[in-house]
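Engineer: Numbered according to my numbering, the sequence shown terminates at residue 911, and the numbering increases by one at each position without gaps.
Mixed in with the good hints, there may be bad ones.
[Stated by the list, open to error] Straight-line C-alpha distance at most 25 Å; calculated DSS-like pairs for lysine-lysine:
| id | residue 1 | residue 2 |
| --- | --- | --- |
| 1 | Lys-902 | Lys-788 |
| 2 | Lys-787 | Lys-896 |
| 3 | Lys-896 | Lys-788 |
| 4 | Lys-787 | Lys-902 |
If you are wondering where the hints come from, they were derived from the structure by calculation, not from laboratory data.
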Amino acid sequence: MQITSLMNKKSVRYVMLIIVSLITNLALAFGLFYLGVSESISFAVALAVTLFLNFSGCRWFVFFSTDVPVITQFIQFAITNGSFRLLEYLSLLVLSTLGFSNYYIRVLLVLGTSFVIKFFVYGKFVFRNIGKS
779 MQITSLMNKK SVRYVMLIIV SLITNLALAF GLFYLGVSES ISFAVALAVT LFLNFSGCRW
839 FVFFSTDVPV ITQFIQFAIT NGSFRLLEYL SLLVLSTLGF SNYYIRVLLV LGTSFVIKFF
899 VYGKFVFRNI GKS
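Produce the entire structure from the sequences given, and follow the hints as far as they go.
Structural biologist: Have a look at this one:
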């Protein structure tokens, strides 16, 4: 399969965005900390930057969703993203309470499941193209 045909798939573009987002998040968090910025500030800056990166990437690269005004869509994205973060945290706590496997497996399971579900939720509710429905 050629690269150009792969790039036409939303799921491939989504995976690419997530990889770029992860690298950006880690580079900022570790880089700022290395430069002497506190852990909490470094991590907060990394999260804020990747929030905007993920929104921009989903809107203009993954879903090509520009039918909805950018501010409206960003608010929907922020609420959805925040809800997912809360559910990820609560899911991890539940799995920990149940004694499910070890910490690393729990984190991978929760984040992997969330990653897949977010793709469909974002595509259906946040970054839908209402003019093409």
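Engineer: Hints numbered earlier in the text: which of these fail when held up against the supplied structure?
Structural biologist: none
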